[in-house]
Amino acid sequence: MTYIIFLIRSSIDDFRRNKIRTFLTSLGILIGVSSVVLLIAFGLGLKQYIKGQFESLGTNLILVVPGKILQGGSLRAGPGGGSLGGAQFDEKDVASLEKARHLRSVAPAFIKTVTVSYSSTAEVGDLFASTEDIIPVWNLEIESGRLIRKTDISKRSKVAMLGPQIAEKLFTDKEISVGKTIKIEGQAFKVIGLLKSKGGSSGGQNFDSFIYIPYKSAYTFNPKKTFFALYTKSMTENDINEAKQEISTILTKRYDEGDFSVLEQKEVLNAINSIFSMLNTILVMIGAISLLVGGIGIMNIMYVTVVERTHEIGIRRAIGATKSDILYQFLAESIILSLIGGISALILSFFVVLVIQRFFPAYIDLLSVIIALVVSSFIGIVFGVFPARKAANLSPIEAIRYE
Amino acid sequence: MKTLKLLPDLPMVIPFMIRLQHIFKEYETEDEKLIVLNDINLEIKKGEFTSIIGPSGSGKSTLMHLLGMLDRPSRGKISINDKDVSKFDDNEISKMRNRFVGFVFQQFNLIPKLSVIENISLPAIYGRTNVAYDPKNKAKELLKRFGILDKANALPNKLSGGQQQRVAIARALIMNPNLILADEPTGNLDTKNGNTILDLLGELNKKDKITVVLVTHEADVAKRTKRQIKIVDGRII
Ligand SMILES: Nc1ncnc2c1ncn2[C@@H]1O[C@H](COP(=O)(O)OP(=O)(O)O)[C@@H](O)[C@H]1O
Ligand SMILES: [Mg+2]
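Heads up: the sequence lines are chains A and B, in that order.
Following my numbering from start to finish, the first sequence increments by one per residue and tops out at 403.
Following my numbering from start to finish, the second sequence increments by one per residue and tops out at 237.
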């Protein structure tokens, strides 16, 4: 035990004497381990996000979007992809889908960033124009006031439901928002309801920040009267495939098959997953390269150290250090050097994740901490063992004669 | 970490005797073979105070390194207590150096980044298996005996040459060695400090009953020992 403490203390003493060298040498490990830790943090966040989406939206959600954005579960870029090009959904599509046997709800979605104000407070907010069907589709719940009704749509009522987040921004006390009149791009809308927080769903849509209004009342903001997506729900979780089939059949009467996509929750999440797997691949590559470069850096500096300390090694051998003693000494140094990089990486990642958490539920768990420490120790051993063996195998007499 | 077996078949403690038989040490350079030690036969008995004297380059240091098991001969047999040293592996030899031999060099050879007390206790760390005393206390005792206890926490470069050599002797003594090998210990010291060191080595032999081998090129220094071995061009004469 005293021996291990002796090894650690000697290493740390040496790093104190060479602070800049120590920092630069551990930099590669720092970057490499950070990549690995962030990779795991994103992965965990993604899992959390997917779980949250399923829990808050239900598994029978089906999304209809223009263009062919998905192919075999992966995202396809290029012309016709995304919400550019393809079908332009309008009221007619909503009406025809409402007749579908397998669909319980159909909610069109028009989203626009607008300025919204109450008395002297003005905020930038996201307008979400739809029908009353958005309520069951997104499982929205009322906190106070009332929900949007069918008659609000047909009457083109200038009414709005506020997500708790935007309500908080506009009103000092969000509870008083119901009954007040707000202005959206200068037009007066009466707040009829305050929604409960759906929480947790950072990233993607943030349900809590939307201003929900009847879609017909939004036509002044939406002169083309088109929707960027149609949110639907099948009757049950079991007839989701039939529902998708039915949607396709109905829409192909009007559009080409390639002009729209019918996606279930799973596929949307697959698409998100594929974006993340791309990010992950990049992080893995950065991580692997930095760890390799960092490891080689450690090996290089350790070789230099061995040469610099040849005479010292000779002295230690003369007073009875075995080959193993010398090996352990240098191995301890490379491991600790690498661990300094690993621990710094954990600290750095912690702060990065703290920032990212505002947009995405990434987090660092115990496993990441363990992996960071294991990976850096491993690098320290792998790249430290060659210089350490060189040191151990120096002939004592040659070493002590070395000046 | 595996603990090394403690040289079970070596009744090391008493008597401690080194015998060199037909020892050669040769170095091969590109075009010639340099014979540094040429058929050395020598026996050093327990408790002896011996000097090895000869001109510079005659092979004294080389011989001393062989006696201290820091180096191996090209040919010939070295026995310690009638055990053939060539039979031992590097590990066992390191342990033997650690337990039984203390080196004192002309250049002091202290580790500059370690404090005086750390330098002196270092062999005890490599000794690992518990010694019957606390190395730090023993180190302090030695420093006190040598009159430099106040330097315990100083770095070696803050000490005078004479003080550094006393630290080196303290380090050589920390494991209670049977043999002290001093290679020109006064070579870097003035006469006064040199004499102090030589007195000290004499005292260690007389009082502490430690076998001392003193390597020197100065006849005056060699005179202090009862036995003197003369070496010229790698041969004992
Ligand atoms: N590693 C070596 N390679 C070649 N020659 C060496 C080596 N070590 C010592 N020598 C030579 O051996 C001779 C004796 O050296 P040394 O034992 O140090 O002499 P001394 O201590 O008596 O001055 C010298 O000529 C020296 O150059
Ligand atoms: Mg010499």
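Since the hints were derived computationally from the structure, they do not count as laboratory data.
Treat the hints with care, since some could be wrong.
Claimed, not checked - Here are some of the chain A residues that sit facing chain B, going by a computed Cβ distance under 10 Å: (1) S10; (2) D13; (3) R316; (4) Q357; (5) F359; (6) Y363; (7) D365; (8) L367; (9) I397.
Yeah, the Cβ is synthetic: ideal placement off N, Cα and C, and Gly gets one too.
key: Numbers of the earlier hints that this structure fails to satisfy, in rising order   = 4, 5, 6, 7 and 8
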